[in-house]
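Chain F: place on chain R using the hints.
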Amino acid sequence: MIRFIISRILQSIGVMLAVGLIAFALFTYVGDPVNNMLGPSASTDDRARLRTELGLDDPFLVQYARFIGRAVQGDFGLSYQYARPVIDIVAERLPATAELSLVAVFLALLVGIPMGIYAGIRPRSWLSKLFMSVSLIGVSLPTFFTGIVLIVLFAIVLRWLPPFGRGDVVMLGWWSTGLLSWSGLKSILLPSVTLSLFQMTLIMRLVRSEMLEIVRTDYIRFAQARGLTSRAIYFRHALKNTLVPVITITGLQMGSIIAFAVITETVFQWPGLGLLFIQALNFGDIPVMAAYLVFVSLMFVAINLFVDILYFVVDPRLRSGWT
Amino acid sequence: MTDQGLSRWAAFWNSDILYEFRRSPLAIVGFVVAGSLILSALLAPILAPYDPYDASGIDLMNGLIPPFWSDGGNMTFPLGTDNQGRDVFSGILYGLRLSLTISVSAVLLSALVGTALGLVAAWVGGWFDSAIMRLADIQLSFPAILIALLVDGVARNVLPQEQHASLAMPIVILAIAISGWVQYARTVRSIAMVEKGKDYVEAARLIGVNPVTIAMRHILPNATGSIFVLGTVHLAIAILTEATLSFLGLGMPPTEPSIGTLIRIGNDFLFSGEWWITILPGVTLALLVLSVNLLGDWLRDALNPQLR
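Residue numbers (my numbering), protein chains in the order written: chain R, 1 to 323; chain F, 1001 to 1308.
Extracted from the complex, chain F is given alone in its bound form:
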């Protein structure tokens, strides 16, 4: 039993993808940084010294304390506090958690919708296919960030004011998801088109396997690698989009701050010298996006040997 487990582990360790991984220092750096940021976001309730959502723990007297390495800073608030005395470190951890929740949900939703549309378009063909692909073409001629901005802005103005705070998260997720489905649909469609004509699909059809099973069990697995690569690259974009929307005041409200909201709040204190309120969340955001981009770049090369 243990023997088998061990050999399985060895097989994994010696697999091509891991071999590629061990040889690429940038990928390892990306993995370590992204991994530790994601882990600390997951463990935010344990790691964070304070709960940013708990108003009773905030003391205005602790406002605007600089980080511990500056004059006047101390280890009670390792990365300092904002104007209301909220701990910046805890804010970043919880903000990271929120930003990641939103961007991962948006990427999953995008991938799901895009993959489904791509599969159906390839399978059904005809007017449905051309309608979907024409829509994709049109959407591609606009930058994704602008689409997200417009969807988000319009949704906010359609909904009543008092629901903005409670619906902020679903709106942002939807806006990012809508701006990103095209890539998945196009990729999955082109792969499905190629596979559709192959003998094994024909054979499956002849023995009477139902179309949904063929699409899910036989065609979809050919696209998983590409979907995975797209998803990683999209995750970096989704994190950036969420932060941008929140920074512009169209994303998460200050009562439930994501990383972008934290930067927006801190932006007001730049000129009075309290740089840490905005720069520290900004650096965290940049590190997260950079490391996810590094992983995405590496994954694309590793899964696509033709590109090299």
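This is chain R alone, in the form it adopts within the complex:
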């Protein structure tokens, strides 16, 4: 067991070092920092001195190690675009993305699970068929187009909800939250629905297929034979067993929520990390790009590591092969 966990942790560190290498290569090979700092008219001596001062003459591996060392401390230098420490900007933008993602996951579970249960219990009813067709459309609609359609409908035609931005935010320490003001709540509705749609269909399909499978098993038949109410059977016995895969998938999908947040944030001009990243890409803001790359990879590696270890703890069958 310990060997398994250690090998998984080592692999995660390997992935992070590889991502760090890409981020570092970006820094090294895109643009010339000396040129950026001194301008094209500086003398050769000045350039050489600055190169030595910045450590740009050191061997590749030394520079890479220094970069990793700084990155571990959260130091990615100054943003080219804002001329402020990247880590401060990331900290400022993080709450917006975190809140958007969490609300989206919550919505996806809240709507997806009941729909899936219904479609699993009554697979032949017209409502289940409607759910399935709608879910196929949900998978096919590009996230950005869903966002645009929602903006047209609810912000432009009906004028119920704001089309972009985050509304008023309340500061809780360094964390800015939009969930405590009326305009903030109104603002988060459209983006979070847009973001959750894909996950919602995924969760619905998953719960449905799990339900379909479980309803056929012996213990459910037996429960029916015992004369339990269908409510007790479905919710007390069947649902519990569908929840394990749902929790796993939801955990793993947190990563893709963050990926799709880039798109949703661009459509709704939501001031989060995704929008920051897209702006950095278009501006050529290498430090911000590198920081986002490392940050998102860290998130994925951590989620995957956590899920793997959790499996191991939860399912004793996996353990035997490794002890």
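A couple of the hints might just be wrong.
As the list claims (entries may be wrong) - Examples of chain R residues lying across from chain F (beta carbon under 10 Å, computed):
#1 L136
#2 L141
#3 L206
#4 T248
#5 G284
#6 I286
#7 I303
Unchecked claim - Chain R stretches covered by chain F per the calculated footprint, using a threshold of three residues with CB under 8 Å from any CB of chain F:
#8 149-160
#9 259-270
Honestly, the hints are just simulated from the structure, not real lab data. A virtual CB, placed ideally from N, CA and C, is assigned to each residue, including glycine.
Quick look at chain F alone, frame taken from chain R:
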């Protein structure tokens, strides 16, 4: 001669796959919609009333005309015009052509690379196999769209600014292809692993057939069905990815607009009420992806009877 041709046609018509097809209304709808969209993309130069790449045909005076069914619209520009007076209908046709070219190329490239890596990994085994599969595992833990976004974004920042427009298409194709090879490699590898141990492969090896021929002629045909299904599903994803990259401003430039670029351009006019510039390309995109998804779903079920 004609007799034989006829019976061949009859055999095709009565084959299992076509029988499945005729019985599935969703597959027929998907086929008709996807087919007509692809056909109109192919025939864009003939069907489109205007050439969107030809600046001399554009008249600013024709800007922001709504589609023919709204007030102020007319049949000269059936689906209206954008702010610069470009015909939306022609734009969609040419955009569709570009989007399909990019996504089909990306799918082919992905399938080629993935299949080759999967075959070699299964055949050679050892460190090469574990290296490829470990790489695949790691890549699978990231969403494909994020990988495409990162490859595309990084490639753009490495290349000089003035080459962005001319290299946009190869960059996007490469980004989508890199984000998609894993599925092919894993599937082909697992099929090849099973086939490798069978007697007929052993026999071929014993009589001295060279390994490349065995892989191509004997093992690969077992995987074609799966590759085909993966390819169809991947095509829908590739179309979506291309549109997303272009929408985010990281794909095709406005001078050579794909469907995603058209939606991006139109997005700026939403608030002033010119909805058609963005909604009409968006609906086309959604129809295309939906119909390809329908076909992919059906194909997966039809070629994989165990799943039912």
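Status of each hint after checking the structure:
no. : hint    : in the structure
1   : L136    : 6 Å, holds
2   : L141    : 5 Å, holds
3   : L206    : 16 Å, violated
4   : T248    : 13 Å, violated
5   : G284    : 6 Å, holds
6   : I286    : 7 Å, holds
7   : I303    : 8 Å, holds
8   : 149-160 : holds (count 4)
9   : 259-270 : holds (count 6)
In terms of the numbered hints stated before, the structure departs from hints 3, 4, listed from lowest to highest.
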